[in-house]
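Take a look at the letters that make up each chain.
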Amino acid sequence: MEPKVNKNVTILEVGFGNLPSLDRVLKQLNVDTKNVESAQDILEAEHLMIPGVGSFETAMNYLNQNNYGQTLKKRALELKLPTLGICLGAQIMFDIGQEGKIMKGLSIFNGTIENLTNKLAKKKSHTGWDKVKFRQDFLGVSENENIDFFFNHDYIMIPDNKDDISAECDYGGNFAVALKKYSCYAVQFHPEKSQKSGLAILSNFLGLKHV
Amino acid sequence: MYKRIIALILINNGIVCRTRNFQPDYMYSDEFIDGKYFDEIICIDVSQVRTDKSHSLFLEAIEKIMEHSQLPLAIGGGIKSIEDIKRYRKFGADRYVINQTEADSDTFVEKAIKEFGKSSIISSLNHWGNLTYSNGVNTNKVLQQRVHQIFNNRGSELLLNSVERDGTLLGFDNANAETIANTYDLPLIISGGVGRWSHIFDTLQIENIEAVCTSNIYHFTTKTISTWRSEVMSKGGNVRIV
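Sequences listed follow chains A and B, in order. The opening residue of the first sequence carries number 13 in the working numbering; numbering runs sequentially from there. The opening residue of the second sequence carries number 299 in the working numbering; numbering runs sequentially from there.
Extracted from the complex, chain A is given alone in its bound form (with noise of 0.2 Å):
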């Protein structure tokens, strides 16, 4: 078991998410959760995280329409206060996405979200558990290191900048799985889902502290 942590995590969902099965993990860690109902919650959170499935669009018409992204902007990148964004929750920090009509995202990273099949050699969703090979330290794991997690998505981050690339997975041509950049973490794959490596990762991320 992993050392339990005593936090309390606020919690912004997008699109239809998993939120009752993230809800569930965090309750095993110990972690108590609170929903964001406010831009405020959102400047406030000690640590925010971020999951959904579901679309790209759909995910940034409701951030829009609450005026939360200019907030979770102003968060990641001025207040630089640590985040995580979970699949889509990740997505939508890149500039333009494509699922639905194309659209822009909060441009935290820069670079696009395209559907897998044009970008690697599958014409499959990628769906199950695969290899994550790390090319930097990550919320405690290790550069070089090789960890297996659990994946369901049909698009992809594509970063312009490599260097935000934390580590990648290789699922018919290799692929950004996990970027950072200040204290804003990124995962396409799902650690509430992924046993031990996963919970390591959320543990890790909840015990980042703000400098």
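FYI, nobody ran anything at the bench for these hints, they're computed from the structure. There could be a bad hint or two in this list.
Cut-off 35 Å, straight-line C-alpha distance, at most; resulting in silico cross-link-like pairs (DSBU-like, lysine-lysine) [what the hints assert, rightly or not]:
#1 B:LYS412 <-> B:LYS388
#2 B:LYS533 <-> A:LYS136
#3 B:LYS412 <-> A:LYS143
With chain A's structure known, arrange chain B on it following the hints.
Chain B only, in chain A's frame:
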């Protein structure tokens, strides 16, 4: 990507059960489930009549199964409306299993995919040999034709349930699974009939078969799945180390 061994857990009015040819056979204690050695968990509510009471018993059983688990969870059983999916989402599901054996499910599946995304949906077809199986009898419809019909209107994976093999321990219906796997480029999950580790190994060797389900055998001993996984791996099967 690794191939998966999935626990397919059938729950009848809140009680984990075993079936043979889809008929409830024995009841089991969920204490026996060797959860952590699987790659994914699928819970299906097989209650004959679904009521508020049966839903809450189903949820209690799921909570117990998932108490110490951080595995992906798919939930199914009687999903016919968007509200059914939303209910199972509250139960903590990551994906939803929708039975597409009958054509009257097609309009709903299209709607569900539009609302929740293709990758949230697992389509399932029940079959007996090369014919589909519905409402307790095998139909005169050919399984492959039904796969053809739903190919462009389905979830990201297709679960093939062999009712004929269910609970028999004779092995998966590889002949029919392979026909589908060779004809269509879609990820398959195969269920029904596993009795020993070599059944898992053999079926996972087939291209396009991404996962197999065990729904009965792991109840027999708490060590079954960890031992089987080691056997499959030692023979070169592409499964992850747990």
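- Task: Below or equal to 35 Å on CA atoms is what counts here, so check B:LYS412 against A:LYS143.
- Result: 30 Å, holds
- Are the Cα positions of B:LYS533 and A:LYS136 separated by 35 Å at most? 27 Å, holds
- Message: For a C-alpha distance cap of 35 Å, please report whether B:LYS412 and B:LYS388 respect it.
- Response: 19 Å, holds
The structure meets every hint from the earlier list without exception.
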